[in-house]
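A.B. asks: Listed in order, the protein sequences are those of chains A and B. This note's numbering numbers the first residue of the first sequence as 1 and each following residue consecutively. This note's numbering numbers the first residue of the second sequence as 1001 and each following residue consecutively.
Think of the hints as simulated: they come from the structure by calculation, not from any bench. All values reported here derive from a predicted model rather than from experimental measurement. Mixed in with the good hints there might be a few duds.
Which chain A residues stay away from chain B? Per the calculated CB distances, all over 12 Å, these [claimed, not checked]: (1) Pro123; (2) Lys163; (3) Asn322; (4) Thr448; (5) Asp455; (6) Glu477; (7) Leu567.
Within a straight-line C-alpha distance of at most 30 Å, the following computed BS3-like cross-link-like pairs (lysine-lysine) qualify [as the list claims (entries may be wrong)]: (8) B:Lys1194 <-> A:Lys469; (9) A:Lys459 <-> B:Lys1243; (10) B:Lys1243 <-> A:Lys469; (11) B:Lys1243 <-> A:Lys346; (12) A:Lys423 <-> A:Lys331; (13) A:Lys467 <-> B:Lys1243; (14) A:Lys435 <-> B:Lys1038; (15) A:Lys467 <-> B:Lys1038; (16) A:Lys312 <-> A:Lys44; (17) A:Lys54 <-> B:Lys1038; (18) A:Lys459 <-> A:Lys368; (19) B:Lys1217 <-> A:Lys459; (20) B:Lys1173 <-> A:Lys469; (21) A:Lys459 <-> B:Lys1038; (22) B:Lys1243 <-> A:Lys331.
Take a look, some chain A residues computed to stay more than 10 Å from chain B by CB distance [what the hints assert, rightly or not]: (23) Asn45; (24) Arg146; (25) Thr155; (26) Phe323; (27) Val343; (28) Val470.
Just so you know, even glycine gets a beta-carbon here, dropped at the ideal spot from N, CA and C.
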Amino acid sequence: MILSSFSRSGGKPFLSYKTIVITGMCAVLGLGLSGCFSKEKQFKNTLRLATPAKIKGLDPAHSDDMYSGIEVSRAYEGLLQYHYLKRPYELEANLAESMPTISKDGKTYTFKIRKGVLFQDDPCFKTTEGKGRELNASDFVYSWKRLADPKTVSTGWWILDGKLVGLNAWRDEASKSGAADYTQDVEGLRALDAYTLQLKLVSPSAQILYNIAQQFAFAVPHEAVEFYGKELLNHAVGTGPFQLVEFNGASKVIWKKNPTFRQQLYPSEGASGDREAGLLVNAGQPIPFVDGIVTTVFEESQPAWLNFLAQKLDASAIPKDNFNQAISESKGLVEELKAKGIVLHKAPTLDVTHQTFNMADPVVGRNKYLRQALSMSIDRAQIIELFHNGRGISAQTPIPPGVSGYDEAYKNPYVQYDVAKAKELLVKAGFPGGKGLPELEYSTMADTTSRQMSDALAKSFDVLGVKLKVNSYSWPEFQRNIREKKGQIWGMAWGADYPDAENFLQLLYSKNSSPGPNDANYSNAEFDRLYEKSLTLMESPARTILYKKMAQLIVEDCPWIFEMHRLSFGLTQPWLKNYKPHDFDHARAKYYRLSK
Amino acid sequence: MKSRSLLGDAWTRLKRDRFAIFAFTVVFAYTFIALSAKLGWIATPWDQSVGAAYAPPSFHSLQTVFGTDIFGRSVFYKVIHGTRIAMSVGLVSALISVPIGIFFGAIAGYFGGRTDDLVVWFYTTLSSIPNIMLLIAITFVLGKGMAAIYFALGITAWVGLARVIRGEFIKHKTRDYVVAATSLGASHFSRIFKHILPNVSHFVIINFSIQFVSAIKSEVILSFLGLGVQGQPSWGVMIDDAKLELSRGVWWQLAGATTAMFAIVLALNLLGDSLRDALDPKIK
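Bound conformation, chain A alone:
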């Protein structure tokens, strides 16, 4: 998704920040909450986390924001999940027995469903007097049709939209007739038997598995939908490790361990360094380790932070304004927190920030050397330090660390800060010392940080003799200008929807030009050819080579001034074990262990 340009102190930039905040929490705050004392006492071994936004509800079909997604993932599960420890991110089977078998043409996926998985006990299972029944393949057929049902008004329909044969037709039929017919067969989505699910894709896609791993595609039993109706938002009936005790989306959500949860084991292999970090101590042991989770909503970052310091939360992000209180100048934890045993976790975020050149512009769009020169005039280390508290690594290509195609050793020649070289390139571009070059235009937002960032950019360009005029806009105006291909240079950021470099490379595919996500309006026939080829390939070394080739083309053409991949900083209390930052695994609390 697009992140609001640069001010990264509002809007989605917080992807990284919020991901971690989630792991904050509360135990027994203040009055008013005393009612839940008795419930919390039942399980001493309770994880106390915080969330920075109200929880809209617990229906997977409506859990389009990350915070609801996280709560939903405690009770519901999908066919696939992300491996908790491995990096780059990797999918593994969850409710499926194993990864699917895929036909030669890449269009038919067959999943074997795990046997003996029970839904949680709930009054909605009337025929069994509240005992949860076994999960089977038709639950997925039902849940995904429900996602497609226009009456569900799901915000997650896009994950399947246009991807499964016949499902869109089924949806059209349902909106025409006014009522969806769940018994009607859909060719692309069939339960062959109780434990076999078959998908037929409209065209091969390497991304469909990531879509299936998203919370929208989790299994919801039809009994619960029929029993609760719209009230399903306030209930949770899944197969997951935690069972809902109390739901109050505006203040707190309480979970306890699901007694009928199948045996699931802590991963026994991880990324390099995980063993040393103590993340494999519990390898092969059954999860979850905690008896319960209490998630408290803190809409303001300050109270969450203070609760963390008072040891009432097991994990926390670091609010920007408290950064100096927590992190020393050497980017480590300050002594005071270190003495308390608090642990600092740094992790790269799957995103990239960059300055975009409008390739449709006659000045910057037609002069490769000019773009390269400007790119080399920027001291990225200084920008990262000044504007991100040093929380970032300089980006060499659009591909961030954590996905295949990222090459740690690779250094982009035009990302190096070298004024002399930049001046040479400017001569090559035909503008020695900036002479003959009209004043360039920079579009930005009217907030403080954006203004300071524009100042920094103008200063860098000024050293080359290039003048930059700054125009600040409101966010909607800014976006409109870009859609209309106006302006010459502007700042942008992109956060991954799923861990695949394709999600970043599509930003430069010519058919995605404005108003699509290719806001640079970059067009390169060779790049397009490689991109189209990569779409048909599954994750493989061959595809990674394609990704790297595409990145090379971008480096040379320089439609972006690469800036950085941001780092997220999170803190945990000394007793919280098995904690590892993760961009996508919303269910990761099941791996956490408390050792007080």
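Starting from the structure of chain A, add chain B where the hints point.
C.D. replies: Structure of chain B alone, referenced to chain A:
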């Protein structure tokens, strides 16, 4: 006893008021600083780094007495150039708004009737729009930059003066000296500008100083909102920066800008008050 002119008399009385002399000195000093900065005599160049980012105030050199900002630029120099911007905005916008206020106030008060109705309707309508909204709307239309700020502040700030001048003209137009001028065949133009206006000119001078202050404050607010000065140091921009810096303990930009602003606003207010006392013929 030798009679003194109005201004001579006012000056004599102003000299006796110590506050007024202090205020006058401050305003004079600011004007001098602003001019010197404009001419490049002092505080140049302001946009070069003189130290590390966010270096606290130190007395090693004049440049660092107020510390440095995010890019290591001298906050002291920025304050001085902020003075230049503030003084020029105050002066130019007051020079735009005062004639407009005099003109509309004079014709409304002097002619009365339809003209009066029209002018009163016009400025009532204008002043019913919240001032800051109007300023924002105008800067959106005119684009950003100094010219737009001069103009926006100039054409929105004349209502107060117009009201006062109108009232005075209504009072004066029936006075004997005006009647006498009329009977001598003086034209409307001559009666308005040669006869009545000099007699109400002390209001203009007082209002000028008040508008100077409000223009300075408005510029700071506009710049704080990101609608003001672009690419130049302004007190408003510095305060806007400080918004984020305070939590990391960087207080000197805020202190520099607000102290500079405080002194000039206070001085102009004191001066306005003293001028009123000195110029008002009734408190002789």
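A.B. asks: Evaluate the condition: distance from the CB of Asn322 of chain A to the nearest CB of chain B exceeds 12 Å.
C.D. replies: violated, 8 Å
A.B. asks: Is it true that the CA of Lys467 of chain A sits at most 30 Å from the CA of Lys1243 of chain B?
C.D. replies: holds, 28 Å
A.B. asks: For the pair supplied as a hint, Lys1173 of chain B and Lys469 of chain A, confirm whether the alpha-carbon distance does not exceed 30 Å.
C.D. replies: Violated. Lys1173 of chain B to Lys469 of chain A sits at ~53 Å, over the 30 Å cutoff.
A.B. asks: Verify the proposed pairing of Lys459 of chain A with Lys368 of chain A, using a straight-line Cα cut of 30 Å.
C.D. replies: holds, 21 Å
A.B. asks: Given the hinted pair Lys1194 of chain B and Lys469 of chain A, is their Cα-Cα distance within 30 Å?
C.D. replies: Since the Cα atoms of Lys1194 of chain B and Lys469 of chain A sit roughly 48 Å apart, the hinted pair is violated (cutoff 30 Å).
A.B. asks: Using Cβ atoms and 10 Å as the threshold, tell me whether Asn45 of chain A really stays out of contact range of chain B.
C.D. replies: holds, 36 Å
A.B. asks: Classify the label on Glu477 of chain A as holds or violated, using whether its beta-carbon is more than 12 Å from each beta-carbon of chain B.
C.D. replies: The assertion about Glu477 of chain A is violated, with a minimum of 10 Å to chain B.
A.B. asks: Does the alpha-carbon distance linking Lys435 of chain A and Lys1038 of chain B stay inside the 30 Å limit?
C.D. replies: holds, 26 Å
A.B. asks: Say whether it holds or is violated: Arg146 of chain A keeps its Cβ farther than 10 Å from all Cβ of chain B.
C.D. replies: Holds, since 46 Å exceeds 10 Å.
A.B. asks: Does the no-contact call for Lys163 of chain A survive, Cβ to all of chain B over 12 Å?
C.D. replies: Its Cβ never comes within 12 Å of chain B, the nearest being 43 Å, so this holds.
A.B. asks: Holds or violated: are the alpha carbons of Lys1243 of chain B and Lys346 of chain A at most 30 Å from each other?
C.D. replies: Holds - the C-alpha atoms of Lys346 of chain A and Lys1243 of chain B are around 27 Å apart, at most 30 Å.
A.B. asks: Does Leu567 of chain A clear chain B by more than 12 Å, comparing its Cβ with all Cβ atoms of that chain?
C.D. replies: holds, 19 Å
Consistency with the previously given hints fails for numbers 3, 4, 5, 6, 8, 12, 17, 20, 26 and 28, ordered from lowest to highest.
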